[in-house]
Structure formats: structure tokens, C-alpha cells
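Protein chains: 4
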Amino acid sequence: MTAVERKSLERAWGFDDVAIVPGAVTTNPDLVEPTFKLGDHSFRVPILASAMDAVVDPSFAAALTKAGGLAVLNLEGVQTRYEDTEGIYEEIAAANLDHSTEIIQHVYSQPIRDDLVGRRIEEIIELGGVAAVSATPQNTKRLAPVAKEAGASFFAVQSTVTTARHVSRSLRGLRLDELVEQIDPVPVLVGNTVDTGAALELMETGIHAILVGVGPGAACTSREVLGIGIPQVSATLDTAYARDLYHERTGRYVPIITDGGIRTGGDLSKSICAGADAVMIGSPFAATKEAPGRGYHWGMATPHAELPRGVRVHVGQPRTLDTLLYGPTSRTDGTENLVGALRTSMATCGAQSIAEFHAARMVIAPSIKTEGKIYQLAQQMPG
Amino acid sequence: MTAVERKSLERAWGFDDVAIVPGAVTTNPDLVEPTFKLGDHSFRVPILASAMDAVVDPSFAAALTKAGGLAVLNLEGVQTRYEDTEGIYEEIAAANLDHSTEIIQHVYSQPIRDDLVGRRIEEIIELGGVAAVSATPQNTKRLAPVAKEAGASFFAVQSTVTTARHVSRSLRGLRLDELVEQIDPVPVLVGNTVDTGAALELMETGIHAILVGVGPGAACTSREVLGIGIPQVSATLDTAYARDLYHERTGRYVPIITDGGIRTGGDLSKSICAGADAVMIGSPFAATKEAPGRGYHWGMATPHAELPRGVRVHVGQPRTLDTLLYGPTSRTDGTENLVGALRTSMATCGAQSIAEFHAARMVIAPSIKTEGKIYQLAQQMPG
Amino acid sequence: MTAVERKSLERAWGFDDVAIVPGAVTTNPDLVEPTFKLGDHSFRVPILASAMDAVVDPSFAAALTKAGGLAVLNLEGVQTRYEDTEGIYEEIAAANLDHSTEIIQHVYSQPIRDDLVGRRIEEIIELGGVAAVSATPQNTKRLAPVAKEAGASFFAVQSTVTTARHVSRSLRGLRLDELVEQIDPVPVLVGNTVDTGAALELMETGIHAILVGVGPGAACTSREVLGIGIPQVSATLDTAYARDLYHERTGRYVPIITDGGIRTGGDLSKSICAGADAVMIGSPFAATKEAPGRGYHWGMATPHAELPRGVRVHVGQPRTLDTLLYGPTSRTDGTENLVGALRTSMATCGAQSIAEFHAARMVIAPSIKTEGKIYQLAQQMPG
Amino acid sequence: MTAVERKSLERAWGFDDVAIVPGAVTTNPDLVEPTFKLGDHSFRVPILASAMDAVVDPSFAAALTKAGGLAVLNLEGVQTRYEDTEGIYEEIAAANLDHSTEIIQHVYSQPIRDDLVGRRIEEIIELGGVAAVSATPQNTKRLAPVAKEAGASFFAVQSTVTTARHVSRSLRGLRLDELVEQIDPVPVLVGNTVDTGAALELMETGIHAILVGVGPGAACTSREVLGIGIPQVSATLDTAYARDLYHERTGRYVPIITDGGIRTGGDLSKSICAGADAVMIGSPFAATKEAPGRGYHWGMATPHAELPRGVRVHVGQPRTLDTLLYGPTSRTDGTENLVGALRTSMATCGAQSIAEFHAARMVIAPSIKTEGKIYQLAQQMPG
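Residue numbers (the numbering used here), protein chains in the order written: chain A, 1 to 383; chain B, 1 to 383; chain C, 1 to 383; chain D, 1 to 383.
Hints listed in this document are in silico derivations from the structure and should not be mistaken for laboratory results. Every residue, glycine too, gets a C-beta built ideally from N, C-alpha and C. A couple of the hints might just be wrong.
As the list claims (entries may be wrong) - Just so you have them, the derived chain C footprint on chain B, three or more residues with Cβ under 8 Å:
#1 111 to 125
#2 256 to 266
#3 290 to 304
#4 314 to 322
Claimed, not checked - Beta-carbon label-pair distances, calculated as ranges:
#5 B/Leu97 x A/Arg249: 54 to 60 Å
#6 D/Ser170 x C/Ala359: 21 to 27 Å
#7 D/Glu91 x C/Pro328: 43 to 49 Å
#8 C/Ser353 x D/Pro185: 57 to 63 Å
#9 A/Asp98 x B/Ala3: 42 to 48 Å
#10 D/Ser170 x C/Glu204: 45 to 51 Å
#11 A/His41 x B/Arg11: 38 to 44 Å
#12 D/Thr250 x C/Ser353: 32 to 38 Å
#13 D/Glu91 x B/Leu97: 36 to 42 Å
#14 D/Glu91 x A/Asn96: 37 to 43 Å
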């Protein structure tokens, strides 16, 4: 008997591939409570803002706290490299598209200052915000204690892919179980991951939430450059499955946060229906008047000195944070009143809580979207 | 043993994904009788006009009765909010595209008048039409008795999704079994739904027909805004299956009416072949000279004050109702002579009745259509 | 136990969905003999020309005989309605696109003349051609004896869909077994069909070949108008399966001719590899200098008075019949040297005869083509 | 019991259909060693340059040796037909697109000179390169001894499809087992093939590596002309399976080299992850400043006198060989720093060697790419 097998591939699905299907019960949108719990905090809406420089600065973080969500500040971006960030944002916004990647690479070549790490967290708190911050695994040992000291409520360890086991030439890499203990009681979010097994291993380290998604964001080109990526609906299904297995076995519930590629109320609703407890959103927030990016958006992998994986995208600033989340709106493309859309979607499926929405039916239905894309394309054509 | 399972998704199919396959018998088109029975009425053609303001006013309803079909009047639109509707239709047609949603939102902020509900039904009857009317579940208790009193022959309870069980803060929601009793013998149509289980529960309440389809219409963007929607062929297969199960168990036959997204004779034929007893059509009727919309069309969810889900679409008025249904035509894209197309399609499969056509073979064959779309797109390009 | 079942759909595939896969043996193209036998005739190449007016007139039929293939003359087109056809072809070619369907409808409203049926067959024979002719089932009883009398070598009964059992108001429809006997020894070709069961029933009547395919041709819009159609690869697989079952049971081999949608050497090779014994081609022949259509092409269903299903397509006349079939060519898009392409394709799979090529491997591989389409589309864009 | 069966088709997948999925372990890119062994040679990077005239001349071969890869010189192209090749490259580059195929057909009508075969190999060696050369099966008997005599380190037998069993009119075709013996110890590479069985038969002849892929390259139109082709991921999965079966049975490891269609770091990573030991790349190398093609690229089947299958493609010369392979880069589309991308991709999956990367997970995820294509297309549109 031989152990040799042809490598097999399963199918994976993204937002545009699926649709939510109403069932035999409906409810009123005003009975819906899409609350999200993380550690001891409870958030009115299950929406986090991405740890990206064009999305979150201290004042944006405070504004999103007031609006019911949670913003994560990038501790390795312009906020902690520059005392005065205004000129930096101006420079990036003013850059010619062809040179924008080079300019971003240059801006991020300045060192991170520990004093600025502390100061930004204090600014968020002074403005009335909940301070959540993010660092890469490489810088976590150095920055996590500084963040805890400064009063951060949440700490995220985040890179394209973060795992519980990282093989490194250095004697000791980051150990997540030690980090959890070290900054206790600050909850630790870790990501990104997309795999059932990897999510289970992360949960075993004691961390408090998992960020899900590799490669689907608007500012990310990991799939073209590295070949790596998995559509968000499948990534969410796989990691939510890990959460449920782990919860049943241990009794501890580790929330799943779908991160990347969410642009509309439909994408948001599909993420939650597929099993997410919350979502992390980048470009829609970058396109609010409260965002620091001046109408531009770029990814965390864009500044990579030798192999950038992301581009600067123009998103404009056509609306306020409040309109984005709560409307009212006259737009019919799903890009405004995201929370109203989620409530209506949940109510249509008879779900009053996120846990109930996890049980709603979803189907693979690619054709409608393809038609839509082609149609939109045709619309954009001149003449 | 664990009950935890990875959420699974089945595939769903739309009109463009499928094709009807001729078999071993053919017949003559003049032997085909595509009759549709609803309550005690029998209609020559299995086609209803959507309860949309750009499609049905009293004179259109009478015209469609003469043509062999059935029009449904929206009791919550401009007809029952305004005594003189001419100026309203003018205003909507004249609006700039960018502001059309806002203007429609404003127009529909006027209250519904009970006296106008009665008057419109009387107008249909005076013009020789069969009066079928529609209200949302919220207004059904109030409007259904008024409609019965005024002589309506059919009453439709219709919203994006309507279920037999609706959870509400108010003490008592609408109970469909009570409605059926209250307005007996007026047959009650209910929709929309897409699910086998939900359709079975609706049938149990005693209602007389089910409208099938969520999200696929030309004037609807539920899928982008809410993430909700299911392609029409699968919705029809699933609910027709419910009808057949219920029919076998109880002996009562509750017709299935596929509603939304039907633009051509091909779409119509596929709906019936997939199991529908009739179809409900919007935009093709809006594009007839008899329609009140002046060449524009908009959805029932467009006026939503905080989360509109639909746009005003320009459809023109290039043909008469008779040409749309019966031809003759020189067009080769399937948009005229819908009934001729259905007869030919049925005859090609050897089906003389709708019940026989339900047995014809259908396959999934997406590629041809994709090519067509791409081709059409190329055609639309300048140069 | 219930007999009620949800209607199920299988998938079907077209040319653009599949690819031929070379295996473990190759051979030299000059060892390949793609001979096609029909009745007592043997043709050097397995290619028939469609019974369409823009493709076949008597002189084209003679030219294709010389080139090794077989042309089928439409007995219900301009050739048998008009003594002098020159002016008719001119009129159709000169028509404005918007009115071309109407003009074609008008041209075909003239009656068919029996004397011209005979005369056209005689003209083919005088020019040295093999005379194959085609009529619809409605006119077969009248035209078949005339054709036999005039010396036709093959008679095709052809309409969109032709079956062995046709239900009609008239006392007796066409019986194919009687036709076979009546015009014996003239072989009878029948089509079109796409279904295993329907093909088996046709074979039982004693007919000599089956034309396969409904709806895929360049001049056909059956799928949009009627919803009817099946991609050619699946239609070929299904009917070839019927041929093999029937052959094994009875010892009689009834060739399968894939008809419609073939534009390139790749399409031709895929048809044969999927199980066809020969193909019938329309638009590529219409685009030769020998064709009567003056660079235009239209379908047999285009003239339908009330429900035309096809359009006049401009194809040009960029090449000779010989270049189309045998090259040499500098074109790299597969539209010239069709026979050279088939030989090379067969040789690459190690197949020296059509029967051997039926055993070659084929896979479903849609992606390449989609890319190609998108690419071609991009190419066609200005700028 | 009947042996007759409906022919069945499996699905096949290309680069754009799949994505690599990170798992539970990551590593540092600097721990990754993507070494490729072929015969007694070991190459730092698993990348070969295609035996195409626009890609490899003696100086390019030497440059790629220095860069850590291996270039293959085409022994049947301009290098061995012309003493002075400068003018030839100029002529092809200067040709009008419409006539470029004809001009290439003409250029390749000159005879191959044995003296030039020897001289080109000597030039590569003098410049410090490893000399690998390629001939078609037809010319192998004549050219292989000349190449060995001149000092070639590797000999490739390559045509669109090459098999162990070739049926020919001539008394004796090329026998690969005899070739291996004749030019021993020069390792023999053979291709192309795509099939598990065909790959196994080739391995049995004693050859040392297999080139995989039919039809997917940028300069190839085999799929349109012949209908032949198989997407590269499936071809790699199938032949890698053959390699593993053969290795387990015999203990001899015959590397698989995926050849054709690779344009980005993502494509390269997917090829290796799917099971390839190395890749062969054409157009990206043709687009380097070191390549002889002056910014143009054409395929080996383009010069075919009667049935050309390929076009001259403009690729430009925007970068150096070093930038292509190792960066650094500001581009974010995956077209530069291919080796950096492979290292990062492998590290993200925790793979330190190519053998470990073969075990990484891969999924079918077509939607992202389709969106990308549509998006790119929209971007390319004017206005």
C-alpha cells in the first residue's frame, strides 16, 4: 500500500460568491442587538477600525469609541515615528501615483520612538477613547510593555500571517502565552490567520481574539506577489469552526474578527453570518471625514523595502463616520449606513443576536455578482 | 461525539446559469395552453405585473386583464398617497439621476389615504379589470378590509421577506391565518420567500399563492446593501418542491409565482420550467406604452428613508403591452413576444401544459451567457 | 414514502470550457486519416457545410465536394423561392442592420417552388458536386420525393429540434421510419437533438446520421429568446453515448454530427474528441470567398414571422475555402487551416483515426478562456 | 454488462484559479533555501530560462548562471541558423505586427548549421555559463552528439508534446533510453507533457527531468488552434504525482519543471507549492535588459510554416535580470523580485525547502482573480 497521493484542492469562497438566504422567521430591526464583547468591554457595534495609518490616529480612535466601535492604532506607523504627523500625511497625499510606493517606503524608514508610543495612547484616552494598539510580532516584546504602561485597553499582534509556532534563527521568538501573562489583564488579539488548525493553536496560547483574513483588502496585493490569500467567507467559516470546537472543549469563547475586503453592508452581513463575531474594516473608514489619510489609503505591507505588497489607493472623504455607520443615506450601493444594513439583514433572517445570525443560511451564488460587475464596468465606460 | 460542524454552503443558480434541454418529444405551439389558475380565476397567460408604481395604475391593470394576465396595484405608493398622480410621475421622471432617490424618498413620505385605496380599486373594476392589490405586512390589517370592501379580487401581502412567524415588539403581529379568514373568499398571495421550509410554513396558514424571489430584480440592490438574495432558479426549485410536498400531503395546490429578474422570453420559460406556476414581472411592463412610469422604473425599497435599496432605472417605453406579450416582433433578443416564446419553448419540450413543462430537463450551462455578456459589453464600447 | 423530489440540474459544458489533453503516445500528422463515412460515401474531411442560405448555393456545394467535405443545400431558402437569387443576396447584404431582420422576414415570405428544388440539385450535380439537401419536418413529405427524383445523394430533416415523436393536431405527422423507406437508398440525416434518449429514439427509426446541437451557433439566439440551448461539448458527449449504446446493441453505427458554434480548429478538434464523427459548420464557411452571402450570415430561425431567433451577422469574406480548410496560414487564432489543426491535434494525442481520437482525454478548464476573453476585450478598447 | 460509458471530464485549474493558504507554522525568509538539484548541479534558485530565441543567447545564459539559475539555448533558432544574429533580431523587432508572423516564418526557413551549434555552446562556456541546450525530437539524433562534443552540461528534448512512444512512418523514431545512454553523463530533460501516465512512461526511459505544460505561455495559442492545453496547476499536480509514485517505487527522483504561463511571484510560488521542483520562464526573462529579443518575444511554434501557433508579443525591457530575480522593487504587482516573493511565500507557510513547500495547503479560489481582471480592465479604459 502506498502513501503517495495526488495533492488535492478544496474550493474557497469570497463575499461576491455568496448570499444570505432568509428563512422561516423574521423579526423587527429594532429588536436586533449586534453587540460584540471583547474581554470585559462590550461594544454596541461589531466593527473595528484597521490598524492602518490612513484610518486611525488618536482623534479617529476617540470618535469611533463614541460611535460604538473600536479603533486599533498602528504602533509602527507614522504616529510613532514622527512627532508632527501632519506634514507626513500631506507628503503621502501629494505624491504622484507612480512614486507613491517609493515615498511611503522612505517615510517608514525612520525609527519608531517609544516615547511616541506612550504619548499616542495617552492622547486617545484624553480624548475619551478606548485605546487599542497593534504591533508586529518582531516588535511586540519591546512595545507591549510600553503600551500596557501607557494604559492601552487592548493589544493586537498583527502581521500578514502570525502563528503560534514561528521558526527563527534568533534563540527565542515571540511566545504568545508569555505575552498574555506579561501584559495581563490587557486582552491580546492576534492575526492574521485563515486556517482551522492555526486558529486552534493560537487559542491554546490563551490569546483573546483572532483576526481573520490574508490578502483580500483593497490596499493589499499579497495574492499577486506571493500567491497567498484566501477568500474571506471560507477563512471565516474555517476559523469560526475552530472557535466553536475550542469553545465546546474548553468553555472559553475566543471571538473571530474578519479583517479585510469589507466594503458594503452586504459584505459586513455576510462576514457575521459566516461566523464572525466582529469585523475589522479599513478603506471604508479611510474614506470618512474623520480619518487622517486625506482621502488616501495604503496597506501595512506597502512600506516593505524590498518587496512591497500594496498600493496607495484613492478613496476620497465623501462622508462622516456617523453616516458610514448609521446613515441616513440616499445611496443604494451599500456603502453607507452599515449598521442599519446589518440590523435589517439580521432581522430579515429572524436573528436578534450575532450568535443567532451565525445559524442563518448562506448559499453560493456567484452569477448575480458577476453580472453586477460586468454591468458596473459597462457603466464606467465612456459614451 | 461533538455537534459542532463547519457551516456548509450549497450552490444556487440564476437564469443566466441554466438552459432548458429538449427531450424525445415535441409538439405544436398551437397545442400549448399555458393557463394559470388562481383561486376561482383562470388566466390565459401565467404572467402578473408587479405591485410597483412605475408598472401598475388602474388603467394598466385593466389593460393587462384584457391581455390575459393580472396586474397587482401597490396600495402604499403614489396611487394611494396622491389624488392627482400625474404631477408626481412627472416629478420623478424629471429628476436628475443623482437626486432621484432623494426625490422618491420625499414623495413617499406623504401618508396613505384609505379613501384613495377604495377609489383606485373601483377605478380598475370600472375599466373592466380584475382588481388585485398589495400591501406590506405592517399595513395589511388596516388596508385588507378596505380593499375587500371596495371589491378587490386578490390581496397580496408583500415585502422583501414575509414569513409566517414574525417576532415583534408590538403585542400581536400580522397573523396570516386570521387574514385569510377575515377577507375570505378573497384569495391571499404572500411573499416574498425563497426557502423550502419558509414556503411550507406559509402554506400551512391557508394562503393561496406564494411570491418567490428576494433581490434579483432590475430595480433592487438588496444583495449589495444587505448581502441577502438568492438566484431565481434555485429559489423556484426550492419553493416548488415545497408546493409539491404540501400538495401530496394535503391535496391542496398552492401556486408558486416567481417574482423578479425576468427580462426575456428565456427567463420566463426557465422560471416555469424550474417549477413556477406563473411569474411576476416588473421592468418589462414598465417599459410598455401603457405603463404609468413615463419610461422610468423604481423599486418598492427605493423610498426607504434611512436605507434605500434600489435605484431609479431608465427603461424607455419602446413597445405596447400587446407587442411585449404577443408580438409579432423583429427583435431577436427575447424582449418581445414573451408568450410566443413560452409557447415555442414548451412545444419544443413536448409540454402542452405548465404541469408538463415542470418535468422538462434543465441543465447548468453558464458559459454561453458569460460569453454573451462579454460580447455585449464589447459591443457597447466606443470605437 | 414519497415520490416528490426537488428537481435536480446537472452541469453542461461548451467549447470554451474544455481542453484536450495529450497522453502517453504521439504520432505524425501525416499518419492521421480523419475520414468520415456516411452511407456509401467516404469523405476526406469530417466537415459538412450548414444548410444556410449565406453558406451553401450550388456552386459552393460543388467546391466543397472537391475540397473533400459535404455541403447541405437548404430547400426552404432563397434558392428554391427565387429563380434569380443574385438580387436577393444583394438586398440582404445592403440592408441596414436595424432593418435586416425585417427584410429577411419579407424575403422568406415568398413560396417555395418544387421546380426550383429539382433544378438546384441538378445544378450541384452538373458542377461535379455531391448533392445533399435539407428540409424542415413540415415540408419533408412534399420535398423529399422531389429531391430523390432530382438525384440528391443525402436528405436532411432539420429544424431547431426534431424528435421521433411529434404531437400534432394534424392526423399524421412526419414518420421518420416511413421517410427512410420512401426515399431509400438515399440516407437520411435528422436533427437537431442534444439528448441521449432522444438520439436513441431517432436511431430506432432507421435514420442514418444525427445532427447535434441546439442554440450555440453564431447566428442563433434561441437561448435568449426561448431559454433553450445546451453547450456543444455536453450535447456531443450525450449523443455519442447514445450512438455507442445503439451500436453495441444493434451493430449499426449511426454517425453523430456536431452542428453549431464551431469557429476554430480548436472547436473542431474538441467536437471530434468529445465523440462527434463529423461537424457541421456555418459562419466560417460563410466567411469564404466561395460563399454566396457576400460577407453576411443569418440563421434558419431568423426569418420567423412572429418570433425571429437569430440576427444577420457580418463575417466578411477574407479567405478562400481552401485556405480555411488546408492553409497555409499566418493567422495564429485558429480560424484557418482547420484540417491541419485537426490533424495536428489528433497526432498530438496519438490518434490516427477519428475512432481513436474519441478515446483521447479531455478536461474542464474554463479559466484560460475567460482570461482570453477579458484580454481580447481589453485589446478591443480604444486608447 | 456493457462496457459503453459516457465519456467523463474532470476539472483542471490554472494559476488564477488557486491560492496558497498559510497554516500553523511560519518561519523567517532568511531560513528558506529554495535550492534546485539537477544531475550533479545544484542551483541557488529553481528557475530555468526557456529555450526561446527572444530569451536566451550565449551572453544571457552566462548572466543567468551567475544569477543562480539555468538558461536553455534553443539549438533550432536564429543562433544556429545565422552567424551574425544581430540583424535578424533587428528585423523581427522592426516588423509590423500584422506581418511579424510571416517574417518569423521566413527567418526560420534557413537551415540549422552544426558548426554554429558547437560554437554557441563554446561561447556560453567561455563567458562562464553552464551550457544547457534544447532540440526537437526530430533533430535530436543529429544535434545531441554535437552538443555533447562541444561541452553542453544539459540536453533538453522539447516540443509541444513529447512522449516515450511516438508512432512514425520512418523506420525508427527517437528512443529516449538510447539517447540517455548515448550522451551519458549529460542529463536529459524531456517535455513537454502534462499527464500522470505520460510522465511515468518518460521516467521509465531513464531521463533526468520533465518539463510540464502544454499551451499556457504568453506566446502560445495552442489552445485556440488545436484545442489542446491544460492549466498549469493541474498539469503540475498530475506530473508531480507521477514523480512521487516513481520515486517511491524506484528510489530515483526525477524533478518536475513547470514550464509556461508564469508571470509573477505568485505564479512561481503556486507552481512550486503545487509540486514543481523548478520552473521554466519565458516572457519575464524576455523583458529584461540582458535578453536578446529587443523587447519582443515569440514562441517556438510561431515559425511553423503552415499552422503557426503563437504571436510576437511586445514585452519591453524595463528591468535588469537581477531586479527581476532579487529586487529591490517598488512594484506591487508581483513582476519583480521573484525570488524574494518565493522566499516570503515559503516562509509564510513555514517551509524551509522546496520539499516542505510541496506540503503546503492550496485552495481553489477563483473569485478574487476575476474581480482583479475586471478591475484591471476597468482601469485600462479611457476617461
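Now for the hints, and whether the structure bears them out:
no., hint, in the structure
1, 111 to 125, "violated (count 0)"
2, 256 to 266, "holds (count 3)"
3, 290 to 304, "violated (count 0)"
4, 314 to 322, "violated (count 0)"
5, B/Leu97 x A/Arg249: 54 to 60 Å, "holds (56 Å)"
6, D/Ser170 x C/Ala359: 21 to 27 Å, "holds (25 Å)"
7, D/Glu91 x C/Pro328: 43 to 49 Å, "violated (21 Å)"
8, C/Ser353 x D/Pro185: 57 to 63 Å, "violated (42 Å)"
9, A/Asp98 x B/Ala3: 42 to 48 Å, "violated (56 Å)"
10, D/Ser170 x C/Glu204: 45 to 51 Å, "holds (47 Å)"
11, A/His41 x B/Arg11: 38 to 44 Å, "holds (39 Å)"
12, D/Thr250 x C/Ser353: 32 to 38 Å, "holds (35 Å)"
13, D/Glu91 x B/Leu97: 36 to 42 Å, "violated (55 Å)"
14, D/Glu91 x A/Asn96: 37 to 43 Å, "holds (38 Å)"
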